[in-house]
Amino acid sequence: MKGKILNLMMLCLLLPLKAMAVAEGVTIKNYVYAEKDGQRLTLDVYNDPSITTYAKKPVFIFSFGGGWEGGNRHAGHALLTDMAEEGYIAIGIDYRLYIQQVKKSAEGLTRRNFAESYATAIQMGVEDLFDATAFVIAKAEEWKADTSIVVISGCSAGAINSATAEYLICNDHPMATSRLPQGFNYRAVVPFAGGIWLTDCKELTWKRRPCPYVAFHGTSDELVPYDFATIGEGKFSTFGPAHYMQQLEEMQVPYMFHTYVGDTHGIAGFYDKRWARQEMKNALARMIWWNEKICLRINDARYDRTHVDRTLEDGLRKMGMKE
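Numbering follows numbering that gives the first Met the number 0, in which position 71 of the sequence shown is assigned residue number 70; successive positions increment by one, without gaps.
By construction, these hints were calculated from the structure, which means they are not laboratory data. One or more of the hints may lead you astray.
Unchecked claim - Here are the simulated distance ranges between beta carbons:
id, residue 1, residue 2, range
1, Lys138, Glu248, 24 to 30 Å
2, Tyr30, Ala54, 21 to 27 Å
3, Glu106, Ile297, 41 to 47 Å
4, Val31, Gln245, 37 to 43 Å
5, Arg273, Thr198, 34 to 40 Å
6, Trp289, Ala54, 17 to 23 Å
7, Ala105, Trp288, 51 to 57 Å
Built from N, CA and C at the ideal position, the CB exists for glycine as well.
Please construct the entire structure, taking both the sequences and the accompanying hints into account.
Below is the structure:
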């Protein structure tokens, strides 16, 4: 009995050391993937060389949030470390922040230039995501990366970049076809409070079936609409997961949609919560590794949650849009 207790004590002592060893096994290397507008765009590659489960490792690319006016690739550090420990080559990218430029201009961000400004910001963000992806594909042999399994994710603005990028690929948009190999598609998209944002588009039409989506979103999100909305005098359409998930279901595309009833844009930060990351990893495993044709809908409602009724206009004013 005494021996068993000692063995148990030794195990308890060794467990934290083992966890620490896994974390210490993750290396981070920085690369310049493009130079645009006088700016060096870089990405960080998180990898754990001690994990040799796969001859080639799947890839996970994360785009930070910040309204296209702030943030950087370091925001995803905990998530990317976690995914590297899971056996992915995990990548955090920087991208151009056009709204930051607009707000620094003499006119600033106004109702008049809102639609054009955000359309340009998203175009730049998606272009940079495609260029980062192309860089990863070019490095695939050196990094031992499996480019047939590239998952993209993001929060808020980064989630919009990611969700919109997949839509453009599926519709053979020149932005995608000019940057990515013919026939390439992502294996899954994971938006934390993100949607598909487009100009001059009243409804989504998919030329090809998209890859699976794993989405987290609050019903009272005041910045990224949960469902469908138009802004900028109707010039700009925002398709939230409550809208496009129905289309995915009709096309029998696997998805997971975790709805947080009454929650606002704070859901964008859930990529930093371990339990949300585990939920994401479980869904990806079922869709990618086990090839399950599933649609998962989760409604998270709390009795003690106070409902917040805010409009997108409220959110935009909070972000500094002038009348």
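Results for each hint:
1. For the hinted restraint 24 to 30 Å between Lys138 and Glu248, the CB-CB distance of approximately 36 Å leaves it violated.
2. The given range of 21 to 27 Å is respected by Tyr30 and Ala54, whose C-beta atoms sit roughly 23 Å from each other.
3. Between Glu106 and Ile297 the C-beta distance comes to about 43 Å, which sits within the given range of 41 to 47 Å.
4. For Val31 and Gln245, the Cβ-Cβ distance of about 41 Å falls inside the hinted range of 37 to 43 Å, so the restraint holds.
5. Distance hint for Arg273 and Thr198: a CB-CB separation of about 37 Å, consistent with the stated range 34 to 40 Å.
6. For the pair Trp289 and Ala54, the beta carbons lie near 19 Å from each other, so the given range of 17 to 23 Å is met.
7. In this structure the supplied range 51 to 57 Å holds for Ala105 paired with Trp288, their Cβ-Cβ distance being about 53 Å.
Taken one by one, the earlier hints fail for this structure only at number 1.
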